[in-house]
Amino acid sequence: MLIARVVGTAVSTIKDEKLSGLKLLIVREATHTNELVGKPFVAADSVGAGVGELVLIAQGSSARQTDKTKDRPVDAVIMGILDELEVDGELTFRKS
Amino acid sequence: MLIARVVGTAVSTIKDEKLSGLKLLIVREATHTNELVGKPFVAADSVGAGVGELVLIAQGSSARQTDKTKDRPVDAVIMGILDELEVDGELTFRKS
Amino acid sequence: MLIARVVGTAVSTIKDEKLSGLKLLIVREATHTNELVGKPFVAADSVGAGVGELVLIAQGSSARQTDKTKDRPVDAVIMGILDELEVDGELTFRKS
Amino acid sequence: MLIARVVGTAVSTIKDEKLSGLKLLIVREATHTNELVGKPFVAADSVGAGVGELVLIAQGSSARQTDKTKDRPVDAVIMGILDELEVDGELTFRKS
Amino acid sequence: MLIARVVGTAVSTIKDEKLSGLKLLIVREATHTNELVGKPFVAADSVGAGVGELVLIAQGSSARQTDKTKDRPVDAVIMGILDELEVDGELTFRKS
Numbered sequence: 366m367l368i369a370r371v372v373g374t375a376v377s378t379i380k381d382e383k384l385s386g387l388k389l390l391i392v393r394e395a396t397h398t399n400e401l402v403g404k405p406f407v408a409a410d411s412v413g414a415g416v417g418e419l420v421l422i423a424q425g426s427s428a429r430q431t432d433k434t435k436d437r438p439v440d441a442v443i444m445g446i447l448d449e450l451e452v453d454g455e456l457t458f459r460k461s
Numbered sequence: 366m367l368i369a370r371v372v373g374t375a376v377s378t379i380k381d382e383k384l385s386g387l388k389l390l391i392v393r394e395a396t397h398t399n400e401l402v403g404k405p406f407v408a409a410d411s412v413g414a415g416v417g418e419l420v421l422i423a424q425g426s427s428a429r430q431t432d433k434t435k436d437r438p439v440d441a442v443i444m445g446i447l448d449e450l451e452v453d454g455e456l457t458f459r460k461s
Numbered sequence: 366m367l368i369a370r371v372v373g374t375a376v377s378t379i380k381d382e383k384l385s386g387l388k389l390l391i392v393r394e395a396t397h398t399n400e401l402v403g404k405p406f407v408a409a410d411s412v413g414a415g416v417g418e419l420v421l422i423a424q425g426s427s428a429r430q431t432d433k434t435k436d437r438p439v440d441a442v443i444m445g446i447l448d449e450l451e452v453d454g455e456l457t458f459r460k461s
Numbered sequence: 366m367l368i369a370r371v372v373g374t375a376v377s378t379i380k381d382e383k384l385s386g387l388k389l390l391i392v393r394e395a396t397h398t399n400e401l402v403g404k405p406f407v408a409a410d411s412v413g414a415g416v417g418e419l420v421l422i423a424q425g426s427s428a429r430q431t432d433k434t435k436d437r438p439v440d441a442v443i444m445g446i447l448d449e450l451e452v453d454g455e456l457t458f459r460k461s
Numbered sequence: 366m367l368i369a370r371v372v373g374t375a376v377s378t379i380k381d382e383k384l385s386g387l388k389l390l391i392v393r394e395a396t397h398t399n400e401l402v403g404k405p406f407v408a409a410d411s412v413g414a415g416v417g418e419l420v421l422i423a424q425g426s427s428a429r430q431t432d433k434t435k436d437r438p439v440d441a442v443i444m445g446i447l448d449e450l451e452v453d454g455e456l457t458f459r460k461s
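Residue numbers (the working numbering), protein chains in the order written: chain A, 366 to 461; chain B, 366 to 461; chain C, 366 to 461; chain D, 366 to 461; chain E, 366 to 461.
Honestly, the hints are just simulated from the structure, not real lab data.
Some clues are possibly wrong.
Same chains, same names: a pair is fine if it fits in one copy or spans any two.
[Unchecked claim] With a cut-off of at most 16 Å between alpha-carbon atoms, the simulated EDC-like pairs for lysine to aspartate or glutamate come out as follows: (1) LYS404 / GLU451; (2) LYS404 / ASP453; (3) LYS435 / ASP453; (4) LYS435 / GLU382.
Please take these sequences and the hints and turn them into a complete structure.
This is the structure we're talking about:
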């Protein structure tokens with residue numbers, strides 16, 4: 366799963382009916398020290414994540430395995446909010 | 366999901382029968398400020414998108430979750446037209 | 366779906382039995398102006414495409430949605446031969 | 366499957382209920398000589414892997430084929446701990 | 366499907382039970398002239414391929430469509446041994 370930071374929100378009025386009710390967030394891949402490294406893309410939110418939070422993202426068919434995204438045309442879902450990351454024995458990220 | 370801009374259309378006469386009736390659009394990945402960054406590729410349209418619009422694209426098996434693309438050999442579908450994108454508290458795109 | 370040009374053919378005698386009867390073509394990703402940009406890879410053919418033609422390719426599980434590729438271990442299928450591509454209001458490719 | 370080294374751990378309290386009980390490890394792609402080459406990402410653990418070990422990772426829908434990850438929103442799973450890698454007739458990695 | 370060369374073997378003792386009995390080979394993507402271009406990764410073997418051979422690899426869920434890999438957590442399978450590749454009318458590879 367990707368480590369990513371929520372950086373914004375997307376609004377779409379004309380959309381496939383299976384998308385209705387889904388919250389769409391703009392995210393960017395981040396490192397274990399919370400530095401942004403990737404281009405912005407959009408993920409569906411299944412956990413109530415907010416802008417600024419570091420999250421976990423599942424992609425592909427795995428993005429449709431949450432109750433909120435089942436059978437919907439989404440290929441990226443936020444399914445966890447990260448509290449701590451530890452790499453090589455050091456705490457590299459702690460949610461503030 | 367990718368943020369992308371519709372840049373053109375594709376016509377294919379000799380094609381798998383499961384593609385018949387699908388509208389095929391040429392798209393390129395774009396940033397949250399509507400700058401083109403990716404190479405052109407083709408996506409099926411499920412929402413009536415037009416050239417110049419900023420859209421959301423689902424890829425892989427998720428591209429087959431709309432009524433228009435179910436069980437068809439397509440790996441990219443436009444399933445939303447973007448109205449607004451907001452990043453870091455600023456409106457970076459608004460549909461004109 | 367990828368825009369690609371058929372550049373050659375692949376022959377494999379020792380192969381999984383589920384591949385028997387499939388035509389395997391070598392393709393490279395191309396732009397909307399028919400310039401080659403990608404590395405060669407192999408796609409199954411479902412539409413009778415020939416060397417030199419510009420085609421559409423579906424990848425991943427979507428490559429198994431044609432009658433010719435159903436339940437087979439292929440992750441790329443040619444499912445359309447391109448006649449015309451139009452980008453930004455200009456015809457950038459027409460099949461000759 | 367990717368060759369990867371386990372470099373750390375991830376903690377997520379607020380997460381999709383289908384993730385509960387899964388151990389989440391931070392991994393980076395590695396070469397056959399155990400050099401790190403990729404960016405950190407997160408994989409579910411199905412085999413009791415520990416930090417420092419070289420492992421095999423299955424991605425996409427294949428990541429949901431273990432008993433521990435079935436039907437869960439995970440797109441990467443550690444499903445083997447590597448003992449030895451041999452390339453061009455030379456042992457390039459042996460677990461110590 | 367990827368064109369790849371088998372360059373070695375991988376041994377994993379502690380692994381998901383669904384992997385038992387599978388032969389794991391180290392492969393690298395190659396061109397149509399048999400030059401190595403990609404990083405090493407691991408593929409399950411369904412056709413008895415050996416080190417040095419040029420092979421075809423199916424990835425993703427398509428890697429689970431052979432009898433040997435069905436329902437197993439593998440995302441890459443060797444499902445053909447290449448005999449000949451012809452590009453632009455020239456034979457660029459022939460198995461010796």
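These are the hints, each one checked on the structure:
| no. | hint | in the structure |
| --- | --- | --- |
| 1 | LYS404 / GLU451 | between (24 Å within a copy, 15 Å between copies) |
| 2 | LYS404 / ASP453 | between (27 Å within a copy, 14 Å between copies) |
| 3 | LYS435 / ASP453 | neither (36 Å within a copy, 29 Å between copies) |
| 4 | LYS435 / GLU382 | both (14 Å within a copy, 14 Å between copies) |
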